[in-house]
Structure formats: structure tokens, C-alpha cells
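Chains as they are written, first to last, in full-length UniProt numbering: chain A, 1 to 362; chain B, 1 to 362.
Incorrect hints may appear among the rest.
Copies of the same chain look alike in the list, so a pair counts if it fits in one copy or across any two.
What the hints assert, rightly or not - Straight-line distance between alpha carbons at most 16 Å, and here's what the computed EDC-like set of lysine to aspartate or glutamate pairs gives:
(1) K275 / D263
(2) K207 / E107
(3) K207 / E195
Please keep in mind that the hints were generated in silico from the structure rather than gathered at the bench.
There are 2 protein chains.
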Amino acid sequence: MKEKPIRVDYRTDKKTKPIIEDIEFGREFTDHMFVMDYSFAHGWHDPRIIPYQPLTVDPAAMIFHYGQSVFEGMKAYLSPKGDALLFRPQKNIERLNRSNQRLCIPEIDEKFVLKAIKQLVSLEKEWIPTKQGTSLYIRPFIISTEPYLGVASSQQYQFIVILSPVGSYYKEGVNPVEILVENEYVRAVVGGTGEAKTGGNYASSLKAQEIAERNGYAQVLWLDAVEKKYIEEVGSMNVFFKINGEIITPALTGSILPGVTRDSAIKLLKHWGFKVTESKITIKELIEAFHNGILEEAFGTGTAAVISPIGSLVWNDEKITINQGKTGELSKRLYDTITDIQYGKTKDPFGWSEYVDKALIK
Amino acid sequence: MKEKPIRVDYRTDKKTKPIIEDIEFGREFTDHMFVMDYSFAHGWHDPRIIPYQPLTVDPAAMIFHYGQSVFEGMKAYLSPKGDALLFRPQKNIERLNRSNQRLCIPEIDEKFVLKAIKQLVSLEKEWIPTKQGTSLYIRPFIISTEPYLGVASSQQYQFIVILSPVGSYYKEGVNPVEILVENEYVRAVVGGTGEAKTGGNYASSLKAQEIAERNGYAQVLWLDAVEKKYIEEVGSMNVFFKINGEIITPALTGSILPGVTRDSAIKLLKHWGFKVTESKITIKELIEAFHNGILEEAFGTGTAAVISPIGSLVWNDEKITINQGKTGELSKRLYDTITDIQYGKTKDPFGWSEYVDKALIK
Ligand SMILES: Cc1ncc(COP(=O)(O)O)c(C=O)c1O
Ligand SMILES: Cc1ncc(COP(=O)(O)O)c(C=O)c1O
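Only chain A is shown next, with the shape it has when bound in the complex:
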């Protein structure tokens, strides 16, 4: 796409900003949104920032029937000096394009989209909450809008970015959660769409999550769909274990979402001198490590919670309690370091943090 200027249609009736303590993740949205259209004839075109508003979509639009869609999730953070920061945003935009490839959606211009996101965040900067642990959640997504009931790739799409201020994930401090190992339902399978961030994976996961919650668990631990023994993810997070001083996380074998936080945790852990192995690990091996007294920590990684310690795991009739149900040292260190980088409070040895405004001017 040629570098077109982004048309801006400002909102005049600004919303009142919510009290950050009261808001739940993903319920409140800012004043503006970014929109860009795709047609077969014109490619991606008409990029614009407009007041946040409902979409007008034909009931025959393919998104309502065949789920052809992708999305991303990232955050803008406010530094102590009041600068808006993004955390490794190119990683999310690259992943969006990888998701596009799997879902047969035309790729976006990554540089342009990053610029557009920065412009939108910059415009909505007042919406970034200032309190410790809060941020502005950024949700880019693409939907197939052609009104056609044939099962085929859509020839029309909309790329949209909406923003939602979010309170601290851990209101009462980081609390390790209880996890159910899921034996019946699966999230994804090799050859399917598990590597992509697309609606169907999440729709598929609702049932198991609902049953787990009803039984008092926070999340499910997903096993692979083929042999039902390899550990894949936990809820909507990647998963890590510290066993006998070493770190292990499931390898990206095709049905696991390659998390940005996962990648960051691996890089940091190696930087600190830990041995990190990406490989298959069975639930049985994990339970054995527990019985041998060498399972030291377990935690999930993701943009929402950053690090989510696992307090206990229930598999069939057995329950194992990890690190006495308390947040492990390493989980804490990772959480503190990553969030400090995200908020621009510490040296950023990897150059992961990006200024929203400085980048705009250059």
C-alpha cells in the first residue's frame, strides 16, 4: 500500500473516563477507533481514525457464518515521565500477518499498521491510566465482510483497532491459581489453526473453561489433541515449568500460539543464565517431577497477566500443589522485570520498549 495519510474524524462529544479501580478488562472503550478497508480491486485502503461507533455489517457477511477473522492483543503503558510506551509491537503485527496467512486473509503493511496504532494511541493518550499495573489494551482485528454464503475466502475485509483502558490484573497482588488438566475437550490440533490468533480457537475453548470454572478452577491446562498427553497451554497463556533449576516450556509444534510474553520470558531467562528448553513435555513427566520433589515453579505467560503463577494442578484424581501454592521467586522476578521494562522503569537491555510519540515525529 502506498503511504497514505490517515484521515482523522475527531469526536466532539468526548466520553467521561471511567474510574480505573472500577473497570473490568475489555468493557470500556476510548473515543476513537482506527478503520481500514480491503477490497479485491483496491487492496487495503481508506485508513481513517473515526469516533468509536458500531459497525454496519450485512447479515450475509462472511464473518457471521464462516469465522474468517484474526486479532491481536497488546498494551500501551505510561512511563513515570508520562511517555506512552508499547512493548515489542512489531511482534504482534508480524503475528497478525502470520495469522492472516493461515486464515487466507490479505496481509497488511506492517510498518504502516504500526504507525497507525501509534497515531491512534497518541490521540487517545489521556485514556492510558496512570496507576501502577494499569494500561491501555490495544485490540487490532480483521473481519471478513463480503456478503456471500459460499464457503470461500472473503473478497472484502475491515481492519479495525479499538482501545480499552484496563485496571491492574492483580488487584489483590499476584495470586497463584488452581488449574484443571482438561482430558476431553481440546483447544487446537496440528494442521488446524492453533498457531494463529483467530476466533475459532477461542470459541472452541469456551466449553472446557465453563466446566472448569463451575468446578472452582481458574483455568484449564490444555493437552495436545492427538495423544492427549503433551502439555500445550494454560487458558489463554503459554506455560513454563521450573524443574530442578532448569526451565522448560512446550515447543511450538504447530498447535500452540507463539506468545510475545513467552518469547520475552525465554530471552530474559537465558540472559540471566538459566538453561531454557523448548520441548515436548507430558503431563505424566510433570507429575513425576512433582513426586521427585523437583517441580519448583509453574506459571503462565501472556499480555493480560504477564506472569500468572500456577498454585495447583488437578489431573484426573490427583492434585499437586506447586511451591506450597505460593508465587515462586522466578515468577516474581520475571513479572517485576518485564513490567519494569514495559513501564520504562528500568534499563531495557533488549530494546523492547518503544515510544509512541517519538516514533511519530521521526
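For chain A, the structure is supplied; the task is to place chain B with the ligands on it using the hints.
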């Protein structure tokens, strides 16, 4: 839901009806649509028939992000006497509710929804094309509309029915197609959503279908996701084989959509005295049957094409041509019998056809 009357808001500016020869499946829609809302507080409510129109949906609505949706596909046919007929509509509505269960969507009142569909079809009766092989396609679907970015079941939904006149599937007569056996991508897996009619399954299937088409194949034959050897479906159809005078179709093991046409074909074949086996069958067994000269016919079954004969199958480097690439006798007999029942042209020993209007009056 209490039996509420369906509010009707008639369209005054009626569309011109398309010339049936020119229309492609799923591109043209009738004057009206049926809509009903769900909220946690009121359940399914406000059933109404309104002019066909775009939906107004919040950009944060869950359908755009997490794909929580289900749909159905059925048809209305015009009998020689001019009556509108439905073919086993309760089967579709029951399946919609089974899909709802898997996708954590609140169930609909099946009797009421059948009544609503009949009322809509009756109102749009002029839209049912009269030519042999044409029909009015009925697309009921449910979308999750709550504006919320948390990964959880939506607390708001819309149930919608739109209608689309469709020309004959076989414009130049029934032509057997060439099929590619897919080894890399999968459609569904046990524990996933393959048994349900939900968008994610179709989004997942686009990539393989696109590659197959690019290489000159009409459809792909899906193998199971676990062992990559059992035959599951062909494109968006169930699949049948005639081997040594007997019929075999893959058993419904959890990743296959239970087709209404599949069920009808099984019942008819048994009625005619054939031995029909629902069981696992590997692609290797099928190729062996071919080499032993006992693979007599292969065909797909589905609402769109009814019966779609398979002319040849390509698996890895081998191509097998079935029944010399011609439509088999049994395929023809099934096609003729099912369509004759659908159009009310023959005795209906199973009571599969249902009058749209008669049912309305009782
Ligand atoms: C299924 C799934 N796995 C893992 C993750 C973690 O990815 P990231 O660290 O990029 O947020 C997410 C959330 O984005 C997810 O939805
Ligand atoms: C994946 C899939 N399999 C099979 C079928 C055939 O089902 P039916 O005979 O009910 O149309 C369909 C179409 O509805 C389908 O989408």
C-alpha cells in the same frame, strides 16, 4: 420462551427478483429477515420479521473476536402444485441446538423457531424459484453480540434467518469431480468443534481448499487429525462409498458433521435393501478396494448438491478414477429419489417433506 406473536414490519420497496439462471449461490437475498434477541435477563425475546437490512454491531462484540457462533443450512422447494416444502427441517433445528450446546450458546425453542422459519418462508414464497433444481436457501444463524473482550461466553446474542434464492447446483448436469486427499491441514479433531456447525470449522478449512483449487481440484477429502488415515468428509459434505455392493460411510466419531442428507441417504439405502455400514475407513483401505476392482462408487452428500459424485481421488502420487469418472447408478438413484421427495413429486415413505403453509394454519 412463551409463545409470543412474531411482529412483522413489512418492506414497502420490494426488490426486483433476479433471473434464476444468472444467480450464484448465496449472493442475493429476499426482502425480509427474521430476528430474535437474547439477553441474560430476558432470554430469547422480541421475535420479529423485518426488511432485510444491515446489522448494527459494536466493534467489541464477541463475534468479531472469539467466533462464538453457529449456523444452519436448509432449503425450501416448490412442489408442482405450487406448495412450499421444507425437507426434514426439525433435523436442522435440533442440530442447531446441539451446536449451541458445544458453543455455550443458549438453546432456542425448536418448535417456535420452526414456526418462525415457516412464517418467513411463507411471506417470501414468491422468492422460491420455480425451475427444476432451484430452491430457496434458508440460513439461520446465531451470533454473540455482547461488547466485551474477555474470553467468556457472551451474555447477548442475535438469532437471524436470511433467505437466498439458488439456481440449480448442476447447471450442466451432474458432473463427477476430482478430489485431493489432504495430508497437511485438518478440518476438525475429536474434542474440538467438528460435530458442530460453527464458523471456526469453515475458517480452518479455507487454506486447504484454496491450495486444492489452485491445483485444479474441486474439493479436498479430509482425513482425521489424529492418525491422518481415516476418511472423514469431502469438502463440506459427508462421504459414501459403494464397495462390492455394500455401502460404507465414516461413523460419527466426534469430528464429523452429522449431515441431514447423510442420514436420509442411509435410511433410503437401507429401505432399498442395501447393507450400510457406518464405521471407520482408512484411505489405504479405500485405495486397496480400488485396486481389487471392488470400489464401485463414491459420492458426497449435503444440502447444497444433494449428491456429488466423486470422479477421481488423488492421494500423494496416486490417482484413482472411480466408475470410469462417471456418475454411478446408485448416486443417480439417490439424487433422483431425494430431490423427488424434496419437490413433492413422489411418495414420501418417511414423511420427510413438510408443507410450509398447511403447518401455519394448524
Ligand atoms: C491462546 C493464547 N496463548 C498464549 C497467549 C499469550 O500470548 P502473548 O504473550 O503474545 O499475549 C495468548 C494471548 O495472547 C493466547 O490467546
Ligand atoms: C462440514 C459439513 N459436512 C457435511 C455437511 C452436509 O450436511 P447436510 O446434509 O445437513 O447439509 C455440511 C453442510 O451442511 C457441512 O458443512
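Quick rundown of the hints versus the structure:
1. Taking the shortest alpha-carbon separations for K275 and D263, only the intra-copy value of 14 Å comes in at or below 16 Å, while the best inter-copy value is 56 Å.
2. When the C-alpha separation of K207 and E107 is checked against a cutoff of 16 Å, the pair qualifies only between copies, where the shortest distance is 14 Å, while the shortest distance within a copy is 31 Å.
3. Within a single copy, K207 and E195 get their C-alpha atoms only as close as 20 Å, which misses the 16 Å cut-off; across copies the closest is 14 Å, which meets it.
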